[in-house]
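Peer 1: Chains V and X are the protein sequences, given in the same order.
Residues 1370 to 1655 in my numbering are what the first sequence spells out, letter by letter.
Residues 1370 to 1655 in my numbering are what the second sequence spells out, letter by letter.
Please note that the accuracy of each hint is not assured.
Short, incomplete list of chain X residues facing chain V, as computed with Cβ under 10 angstroms [as the list claims (entries may be wrong)]:
(1) L1413
(2) I1486
(3) A1487
(4) I1508
(5) E1511
(6) V1512
(7) A1516
(8) L1611
Derived lysine-lysine pairs resembling DSSO-like cross-links, with alpha carbons at most 30 angstroms apart [unchecked claim]:
(9) X:K1476 x V:K1622
(10) X:K1518 x V:K1644
(11) X:K1544 x X:K1389
(12) V:K1569 x X:K1531
(13) X:K1476 x V:K1567
(14) V:K1544 x X:K1648
(15) X:K1514 x X:K1590
(16) V:K1567 x V:K1518
(17) V:K1531 x V:K1514
(18) V:K1544 x V:K1569
(19) V:K1544 x X:K1389
(20) V:K1644 x X:K1514
(21) X:K1419 x X:K1402
(22) V:K1567 x X:K1644
(23) X:K1644 x V:K1590
(24) X:K1567 x X:K1648
(25) V:K1622 x V:K1514
(26) X:K1514 x X:K1476
(27) V:K1644 x X:K1567
Bear in mind the hints are in silico, worked out from the structure with no lab data behind them.
Note that beta-carbon positions come from the ideal geometry of N, C-alpha and C, so glycine has one too.
Number of protein chains: 2
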Amino acid sequence: MQLVVIGIGLIGGSFAKDVKKMHPDTHIVGIDKNESHLDEALELGIIDQKGGFDALASADVVYVSIPVNALTEELPKILDAVDDDTVVMDAGSTKGLICEAVKDHPKRRNYLACHPIAGTEFSGPSAAIHGLYEGKTNIICEVEKTAFKLQERALELFQEMKMRIRYMNPQAHDKHIAYVSHLSHISSFMLGKTVIEKEKNERDIFDLAGSGFESTVRLAKSSPDMWTPIFEQNKENVVESLEEYIQNLATFKQLLLDNEFEDVHREMNNTNRIKQILKGIPLTKS
Amino acid sequence: MQLVVIGIGLIGGSFAKDVKKMHPDTHIVGIDKNESHLDEALELGIIDQKGGFDALASADVVYVSIPVNALTEELPKILDAVDDDTVVMDAGSTKGLICEAVKDHPKRRNYLACHPIAGTEFSGPSAAIHGLYEGKTNIICEVEKTAFKLQERALELFQEMKMRIRYMNPQAHDKHIAYVSHLSHISSFMLGKTVIEKEKNERDIFDLAGSGFESTVRLAKSSPDMWTPIFEQNKENVVESLEEYIQNLATFKQLLLDNEFEDVHREMNNTNRIKQILKGIPLTKS
Chain V
1370 MQLVVIGIGL IGGSFAKDVK KMHPDTHIVG IDKNESHLDE ALELGIIDQK
1420 GGFDALASAD VVYVSIPVNA LTEELPKILD AVDDDTVVMD AGSTKGLICE
1470 AVKDHPKRRN YLACHPIAGT EFSGPSAAIH GLYEGKTNII CEVEKTAFKL
1520 QERALELFQE MKMRIRYMNP QAHDKHIAYV SHLSHISSFM LGKTVIEKEK
1570 NERDIFDLAG SGFESTVRLA KSSPDMWTPI FEQNKENVVE SLEEYIQNLA
1620 TFKQLLLDNE FEDVHREMNN TNRIKQILKG IPLTKS
Chain X
1370 MQLVVIGIGL IGGSFAKDVK KMHPDTHIVG IDKNESHLDE ALELGIIDQK
1420 GGFDALASAD VVYVSIPVNA LTEELPKILD AVDDDTVVMD AGSTKGLICE
1470 AVKDHPKRRN YLACHPIAGT EFSGPSAAIH GLYEGKTNII CEVEKTAFKL
1520 QERALELFQE MKMRIRYMNP QAHDKHIAYV SHLSHISSFM LGKTVIEKEK
1570 NERDIFDLAG SGFESTVRLA KSSPDMWTPI FEQNKENVVE SLEEYIQNLA
1620 TFKQLLLDNE FEDVHREMNN TNRIKQILKG IPLTKS
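Chain V with its partners taken away, still in its complex shape (with noise of 0.2 angstroms):
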């Protein structure tokens, strides 16, 4: 099998890990801006080799994994450059817009669009990991909009690697993953941004901190790169699900300054409930 990986980070040297193992005579072939993320990805045996746009017309499986802004300029593109036999996917943390950038392309059906709940908060080829998708859901849109032999050909791909997958059109994903994912993302760097506002002494900070402020903060360290277009992309949801948490934050203080102790004990134990919802949530290996 050839497959090309456009954009050889944490994502796609994964997914190249992955395939490699499980068909160990696949030829790899790596494209990425980066050129140093390249070498790497080389020396780190992610990928065979460097390659271009000219390595698309012979590939049977083409993986995008680049930020979304990246990924509405250059999927026309690289849909252009393919073959009609040739599986285009991506790994785009938005849906809509990106589904638009190609509904009119005449190799449409070449692209299944795809969000992989998978990735921890590194980045870069050394992040790579095996297994990185094994139990993850992985969210596939417009799968109607696909040829059905090449949805085949990803869905083998899937299922070898065990992820679950959920299908849903793409205004319904971006609205879900707004609140599930980017909130998190937000709540994590604010309260990171506040803390160390607060804390001049950083040394103070994690003298003082344990391990649930770590936890809580950890998304903190995710790439400004990729989450700027992201959070552009999905602003309306974004904004949406900033100024619910906004609120529910604004009453919480309102209930402390009100001294309703009843009322402030009621909100955290109705939302004790998150413990049999995070029993279902695969964690990452990393």
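Please arrange chain X on chain V, whose structure you already have, making use of the hints.
Peer 2: Relative to chain V, chain X alone:
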């Protein structure tokens, strides 16, 4: 050594386990208003016997790990009941009101005000683990008010547990901890609430949520019985930190609405420094 643990949950139980491991000859008496917790602790071998306040007079060390509202009530009575040669330590997440409650007590010199920055989102004796305190910071307040010989006895135990000691006054403790601990819990609880309210179909949440969400809302599993009195006692600092957090979230939201994505990027980029800060935070083994 005679050790009495009042409140035999995660914190008290883990303390008892470590002391027993380091000093197998220690006789450990457990006191808890929750009879089933006492029975559980006895079954698990965390304590040697159940007891009452009559056990305090003969104790070398008394470890009080109960909710902070119970601490301000019980600590004076505990000091009434101990011998001159007994050291009484607490593990409360607030220090101001607790130190205030005993400041004029004739046995104030028997009390060492402590806050070990250790814990998990779990509670009860079954959550107690060996090594919970290893590498963690223990904040000691008003050390000068504790009899030197009794400070020594406590510090020897902390050193054997490999804890890092930091000395602070109660007011500074409560201010810092509001930011690095209490605020994280509120941000987690309200994030969980926001998502649960939106995702009526909870099945959807864990189908779509990844480990990032899990990490960010982990603290929303925490015990409301423990946390409500903490927020009540540290209300002023918690409300201040909450206001700054809400302000930062509102500013971020406005940047999104104004399409100021360079500033959005800068906000996240500035907070990425949290990586270096977090490197210093010891993680809980559980």
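Peer 1: V:K1644 and X:K1567 were given as a pair; does the straight-line alpha-carbon distance stay at or below 30 angstroms?
Peer 2: Judged against 30 angstroms, a Cα distance of about 17 angstroms means the pair holds.
Peer 1: Within 30 angstroms, alpha carbon to alpha carbon, are V:K1622 and V:K1514?
Peer 2: It is violated: about 48 angstroms lies between the C-alpha atoms, which goes past 30 angstroms.
Peer 1: Does V:K1544 pair with X:K1389 here, judged by a C-alpha cut-off of 30 angstroms?
Peer 2: Violated, at about 52 angstroms.
Peer 1: Against the 30 angstroms threshold, does the CA-CA distance of V:K1567 and V:K1518 hold or violate the hint?
Peer 2: 56 angstroms, violated
Peer 1: Is the interface hint for X:A1516 satisfied, with its Cβ closer than 10 angstroms to some Cβ of chain V?
Peer 2: 26 angstroms, violated
Peer 1: Run the distance test for X:K1476 versus V:K1567: straight-line Cα separation, threshold 30 angstroms.
Peer 2: 36 angstroms, violated
Peer 1: Holds or violated: are the alpha carbons of V:K1544 and V:K1569 at most 30 angstroms from each other?
Peer 2: 37 angstroms, violated
Peer 1: Under the criterion of a CB-CB separation shorter than 10 angstroms, is X:A1487 in contact with chain V as hinted?
Peer 2: At 7 angstroms from the nearest chain V Cβ, X:A1487 passes the 10 angstroms test, so the hint holds.
Peer 1: V:K1569 and X:K1531 were given as a pair; does the straight-line alpha-carbon distance stay at or below 30 angstroms?
Peer 2: OK: V:K1569 and X:K1531 at ~27 angstroms, within 30 angstroms.
Peer 1: With the threshold set at 30 angstroms, check whether the alpha-carbon distance from V:K1567 to X:K1644 stays at or below it.
Peer 2: 17 angstroms, holds
Peer 1: Is the hint on X:I1508 kept, meaning its closest Cβ partner in chain V is under 10 angstroms away?
Peer 2: 7 angstroms, holds
Peer 1: Would the pair X:K1476 and V:K1622 pass a check requiring their Cα atoms to be no farther apart than 30 angstroms?
Peer 2: 37 angstroms, violated
Consistency with the previously given hints fails for numbers 1, 5, 6, 7, 9, 10, 11, 13, 14, 15, 16, 18, 19, 20, 24 and 25, ordered from lowest to highest.
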